[in-house]
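Trainee: Following the hints, put chain Y in place on chain G, whose structure we already have.
One-letter residues, chain by chain:
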Amino acid sequence: MPTRPLSPHLSVYRMSRYTLATSIANRFTGIALSAGLLLLVYWLMALAGGPRSYARATRVLTLPLAKLVYAALVVAFCYHLVAGLRHLVWDTGHGLERAQSRHSAWLVVAVSLVLMLLIAWHVWPAGAHAP
Amino acid sequence: MSLRSPLGRVLGAGAAHDGVRHWWLQRLTSIALVPLTVWFVVSLLALPSLGYGTLVAWMSQSWTALLLILLVLTAAWHSQLGVRVVVEDYVHGTGARTLTLVVIGFAHVLLAAAGVFAVLRVAFGAAQ
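Protein chains in written order, with this note's numbering: chain G, 440 to 570; chain Y, 1329 to 1456.
Excised from the complex, chain G in its bound form (with noise of 0.2 Å):
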């Protein structure tokens, strides 16, 4: 292994707040939306076994627990949409000086939770997408 300083070799930046909490938080949410990858096709594969295979992993996905990881999926969805859209924009060469790149990440942040609020608020009430 290399002596010299290896990306991303976090100590030699200045960051205010906002930059690293946005940047992180992407990465977070982009890995835990790849464990709901990993979900999404474990569910497909249970539907692909017929209706007993379904019944067998319905009663794994409708645990307690499985409820806080769909919350926890439904965090990161938003916020990897939104923030991603804001990547999309500076990839375009525009948002990125100091005042808009503040302005945006707080746009960001609304936006998606927004969007949480919306899906929360579509879920909550009947309990009706219990299988």
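There's no promise every hint is true.
[Claimed, not checked] Here chain Y is said to cover these stretches of chain G; the calculated rule only asks that three of the stretch's residues, wherever they fall, bring their Cβ under 8 Å from a Cβ of chain Y: (1) 513-526; (2) 538-550; (3) 554-563.
I should point out that these hints are in silico values taken from the structure, not numbers from a laboratory. Keep in mind the model is a prediction, meaning the values are calculated, not measured. Beta carbons: idealized from backbone N, C-alpha and C, even for Gly.
Mentor: The following block gives chain Y in isolation, referenced to the frame of chain G:
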């Protein structure tokens, strides 16, 4: 005066030997995932239940099956690109890093294949 060789300039691969391919594919997959994931979440929320019959009826529709396959493939691809960067950032040591990347690559191909297979099996109604 540029110190880059004419061949190097033409190949455009840069110091990472890979050019902008990773970056570009991450952008392409992210753009594709915006409509795909929004469609998936909205569709799930719009379903009357997540019971077996409802889901099979939903997935037997051609467009649902097609979009689900695209979702699984694109999501797996985007996930692989993203996780790869995290590994490259935090797993130091060539051996450990290469091994981790190989395992993660295989895992994502397995996920993509399993997802596509499952959607097709439900859509074509083979499961009893």
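Trainee: Tell me if chain Y covers the segment 538-550 of chain G under the three-residue, 8 Å CB rule, please?
Mentor: violated (count 0)
Trainee: Holds or violated: the segment 554-563 of chain G covered by chain Y, criterion of 3 or more residues with Cβ-Cβ distance under 8 Å?
Mentor: Held - the segment 554-563 of chain G has 3 residues with a Cβ nearer than 8 Å to chain Y, which meets the minimum of three.
Trainee: So is the segment 513-526 of chain G in contact with chain Y by the C-beta rule, three or more residues under 8 Å, or is the coverage claim wrong?
Mentor: holds (count 5)
The structure shown violates just one earlier hint, number 2.
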